[in-house]
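Residue numbers (the numbering used here), protein chains in the order written: chain R, 2 to 117; chain Z, 1076 to 1187.
Fair warning: there could be bad hints in the mix.
What the hints assert, rightly or not - If the Cβ cut is set under 10 Å, some of the chain Z residues that face chain R in the computed set are:
1) Val1079
2) Tyr1107
3) Phe1110
4) Ser1117
5) Gln1119
6) Leu1122
7) Arg1125
8) Glu1127
9) Met1164
10) Phe1166
11) Cys1167
12) Arg1171
13) Asp1172
14) Gly1180
15) Leu1186
Stated by the list, open to error - Now the in silico label distances, taken between C-beta atoms and shown as ranges:
16) Arg65/R x Leu1159/Z: 39 to 47 Å
17) Thr77/R x Asp1172/Z: 20 to 28 Å
18) Glu105/R x Asn1133/Z: 15 to 23 Å
19) Asn1137/Z x Gln81/R: 43 to 51 Å
20) Leu40/R x Glu1090/Z: 23 to 31 Å
21) Pro1116/Z x Arg65/R: 27 to 35 Å
22) Gln1083/Z x Leu40/R: 16 to 24 Å
23) Leu85/R x Asp1106/Z: 38 to 46 Å
24) His1184/Z x Lys72/R: 42 to 50 Å
To be verified - Straight-line distance between alpha carbons at most 25 Å, and here's what the computed DSS-like set of lysine-lysine pairs gives:
25) Lys72/R x Lys1179/Z
26) Lys79/R x Lys1174/Z
27) Lys1174/Z x Lys63/R
28) Lys63/R x Lys84/R
29) Lys1130/Z x Lys1174/Z
30) Lys1179/Z x Lys84/R
31) Lys1174/Z x Lys45/R
32) Lys1148/Z x Lys45/R
33) Lys1179/Z x Lys45/R
34) Lys45/R x Lys84/R
Read the hints as simulated data drawn from the structure, not as lab findings.
Glycine is no exception: its CB is placed at the ideal position from the N, C-alpha and C atoms.
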Amino acid sequence: EAGVAQSPRYKIIEKRQSVAFWCNPISGHATLYWYQQILGQGPKLLIQFQNNGVVDDSQLPKDRFSAERLKGVDSTLKIQPAKLEDSAVYLCASSLDLRGGGYEQYFGPGTRLTVT
Amino acid sequence: AQTVTQSQPEMSVQEAETVTLSCTYDTSESDYYLFWYKQPPSRQMILVIRQEAYKQQNATENRFSVNFQKAAKSFSLKISDSQLGDAAMYFCAYRRDDKIIFGKGTRLHILP
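Isolated chain Z, as found in the complex:
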């Protein structure tokens, strides 16, 4: 069965610094999607970034980028130039067709 593990329940980073959130997953499939979602306090969950497993190139969205290591089944999120608005819960998610699994999340604190 597929699983998604986020080993860091909480992390803190100084404003303007860079932080990396970890995610590992387990699957026997070769074709799937991986996502990072952001859930700000009392606000809706939104998509941060998406990675197709068949693409070797790491996805990038402005200050957000991923380090996708398919063989190691690792999918970390790097946030550069951290801003106060980045404070939120971050969830890593695996999806293949109708199978969707979220990790337990990492709470990110931004220190001014």
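So that you can see chain R by itself, here it is in the shape it has in the complex:
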């Protein structure tokens, strides 16, 4: 079974530029998550989708971050314009479902973003 795929693995941009990350979840997983993990901290949930609908985006900085999951499969997270404090690893994860909260999340390798 293929795992969660993410690209690119690394990205370096200057502040005020834009960047996009892509995630392909495990086949059949209804729920997809994007996390931001700043160095030395735990992952912070940015947004989660159930199929192609947004379940929770309360911690997504909507003035600069956007995400979509067209057709309920792969997803794109965009930052425009980037700030220095956006430097972090962006993790994508998927699970079979979210109802109840007990389903295991499978994580991708992450995209390490450096904003200079």
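Using the hints, position chain Z against chain R.
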């Protein structure tokens, strides 16, 4: 609001010994899930163990076990017979439906 606290930023243990990582959380809910995830250096995060709050019995997965104290809101992870491959960041996480919160993590070093 729910919170998850891991009070030990780093820990070290001798190979083959036992180590316990601490986690406390705060919630007003009675039904939820707790998880321990492992993140090896430059590798993907993987699930170590899961505990349903409605179950009194502590979860066990081979060398990994938890001490779940619901009233105290404590969820510690015990690793027995530590191996070099156990070296990683360990994250405690709380989840209820669409609410997911991770602690800041504990970096575990295994001393040969």
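Checking each numbered hint in turn, tell me which of them this model violates, lowest number first.
15, 25
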